[in-house]
Amino acid sequence: MDSEPPPQGRSLQVTQQVSQESAKEVRRLDRVIIRFAGDSGDGMQLTGDRFTSETASFGNDLSTLPNFPAEIRAPAGTLPGVSSFQLHFADHDILTPGDAPNVLVAMNPAALKANVGDLPRGAEIIVNTDEFTKRAMAKVGYDTSPIEDGSLDGYRVHPVPLTTLTVEALKDFDLGRKEAGRSKNMFALGLLSWMYNRPVEGTERFLRSKFAKKPEIAEANVTAFRAGWNFGETTEDFAVSYEVAPASKAFPPGTYRNVSGNLALSYGLVAASQQADLPLFLGSYPITPASDILHELSKHKNFGVRTFQAEDEIAGIGAALGAAFGGSLAVTTTSGPGVALKSETIGLAVSLELPLLIVDIQRGGPSTGLPTKTEQADLLQAMYGRNGEAPVPIVAPATPGDCFDAALEATRIALTYRTPVFLLSDGYLANGSEPWRVPEIDELPDLRVQFTTSPNHVLEDGSEVFWPYKRDPETLARPWAVPGTPGLEHRIGGIEKQDGTGNISYDPANHEYMVRTRQAKVDGVTVPDLTVDDPDGEAKVLVIGWGSTYGPITAGVRRVRREGLHVAQAHLRHLNPFPANLGEVLRSYDRVIVPEMNLGQLATLLRARYLVDAQPHTQVNGMPFKAEQLAHVLKEAIEHG
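Quick note on numbering: this note's numbering labels position 286 of the sequence shown as 289, and the sequence is numbered without any gaps.
Watch out, some of these pointers could steer you wrong.
[Stated by the list, open to error] Pairwise CB distance ranges (calculated): (1) 96 to 478: 33 to 41 Å; (2) 612 to 486: 33 to 41 Å; (3) 386 to 164: 52 to 60 Å; (4) 151 to 386: 54 to 62 Å; (5) 590 to 457: 44 to 52 Å; (6) 255 to 218: 40 to 48 Å; (7) 390 to 96: 39 to 47 Å; (8) 529 to 486: 23 to 31 Å.
[As the list claims (entries may be wrong)] Below, simulated EDC-like cross-link-like pairs (lysine to aspartate or glutamate); rule was C-alpha separation at most 20 Å, straight line: (9) 473 to 515; (10) 302 to 280; (11) 543 to 463; (12) 217 to 177; (13) 27 to 239; (14) 217 to 207; (15) 252 to 96; (16) 638 to 541; (17) 217 to 182; (18) 27 to 236; (19) 543 to 587; (20) 116 to 127; (21) 473 to 492; (22) 213 to 299; (23) 629 to 639; (24) 473 to 526; (25) 174 to 219.
In short, the hints are calculated from the structure, not lab data.
Ideal placement from N, C-alpha and C gives every residue a C-beta, glycine not left out.
Produce the complete structure using the sequences and hints provided.
Structure representation (structure tokens):
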């Protein structure tokens, strides 16, 4: 289930826990949505990450939504400078970071003003009163203090002088007030950890490890963290703490860890190289939100991973394509602006027919656009954004954890069919996280390929030669011969090749044949049939999505079905080629709704390819869909046809 709870989630049970230290009510909930918000220098992402890690170790299902400015240090105390981290955790299966937070931790007036509009009535707000000075409030347009003027009367407000309490807790350390005040995020984390009975040992270990070279800073942060916990335990302002039980029934048996999309994708690439028995080469140029993959893969030299941070996007993909020619599993990572720069080399990879993974972590555009916000607007660029007829298979993961499997699938296609492959993730998946079951080795696919080591063609005079474009009759893949193999010298380049020999050819008939053959190769990629979730077979409306819309769509579908309405759902992983049964599926329903974070790119492809009235529902505000929003759209389609 993924319905919107009333404030503080649904209360399942109220118990009294009495000990020698305190006698405070403990209320059991099935789910909670918390948002930490503050200045971009307040450590909100770190705070959210730590709360998430402890929540994952406790066994809750969870989903996160980091949201931060593009600037390295946005103007302090301003609305554009607000950084937030939202976490939804529950004792059951959930799919999204939640539509609206039940708890907001606001570190300053800007954080409050930027986020209060998202709160349902009755939500809890923890406010750092130390930051509500006249000057700070004036920066964001508050004439009077919202804590005192009644504008927050619809919420349960907890005014807490976080900075003062933190400085007081650290008075025995040799730290100035400003330096001590930087630990206020750890005080807030301790307070929230008490409120929701989160484990604390992991955070303390993390802090001591992170600041191992500065032990006094490490202990100061641990002390601030403990002070926040103790404040919750002793203050009368927090009379209730909450428990959210582990989601024991939501997960199949196995070993789990919290994983972000970019981390899962990185692990998927390493696993793919091991399963293919090929060295992994990443040629990349740093770009938000893809840079984490470069950072992560650089740590895995022990798995034969080689990372190359190039001087620009073009050099990055050029090096990767050269590595593919040399027999490596070649990858380049980027976002939309980088894809534009890489397009000529992608076309070259199509012409050379070499395996190459192009990982595009999509973000808001056009141009520099919204570097830290999410969008799905690169689909048509991936499909058509090259000169000439240059078809490329496209794979899209649905959840952060699914990025691992999508990397393996993209590798399978690239190696089997000798083609560049697009892997389309986005900022929502890349930075969001969820529990992920670590797979067993025997569950991973065998991706090994055979390099050509001897001549493959016999001429009329009986001599044996190597033809670099003599194709496998099933896959239409050309042979992969590593440079330096005796007797297998061959020519490559961007000018059209003669079929078979690979010699330069300007023959019109040969060009048409090669263009159609390259298209046929992509069209012939084996992909599973599309699975449709239509429990009772009575639905007349189908909602179909791709990529990161999976969570919000599925949550919306669940809400609609709980109201007794019928709706079918399907989700595309393979966008080129489409599953063979897609046309039949689309024509089986009276209405087809396509939610996308663009202006209707998949809907355009479906309408053109299958001549069905696929109706787009779109948004391009840099944020993921809300489940309630999609549920409303689906109800309208079902009830009003």
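Each hint, compared with the structure:
| no. | hint | in the structure |
| --- | --- | --- |
| 1 | 96 to 478: 33 to 41 Å | 38 Å, holds |
| 2 | 612 to 486: 33 to 41 Å | 39 Å, holds |
| 3 | 386 to 164: 52 to 60 Å | 55 Å, holds |
| 4 | 151 to 386: 54 to 62 Å | 56 Å, holds |
| 5 | 590 to 457: 44 to 52 Å | 49 Å, holds |
| 6 | 255 to 218: 40 to 48 Å | 42 Å, holds |
| 7 | 390 to 96: 39 to 47 Å | 46 Å, holds |
| 8 | 529 to 486: 23 to 31 Å | 29 Å, holds |
| 9 | 473 to 515 | 17 Å, holds |
| 10 | 302 to 280 | 19 Å, holds |
| 11 | 543 to 463 | 62 Å, violated |
| 12 | 217 to 177 | 13 Å, holds |
| 13 | 27 to 239 | 9 Å, holds |
| 14 | 217 to 207 | 14 Å, holds |
| 15 | 252 to 96 | 8 Å, holds |
| 16 | 638 to 541 | 15 Å, holds |
| 17 | 217 to 182 | 13 Å, holds |
| 18 | 27 to 236 | 8 Å, holds |
| 19 | 543 to 587 | 14 Å, holds |
| 20 | 116 to 127 | 15 Å, holds |
| 21 | 473 to 492 | 14 Å, holds |
| 22 | 213 to 299 | 17 Å, holds |
| 23 | 629 to 639 | 16 Å, holds |
| 24 | 473 to 526 | 19 Å, holds |
| 25 | 174 to 219 | 13 Å, holds |
Violated hints amount to a single one, hint 11; each of the other numbered hints is respected by the structure.
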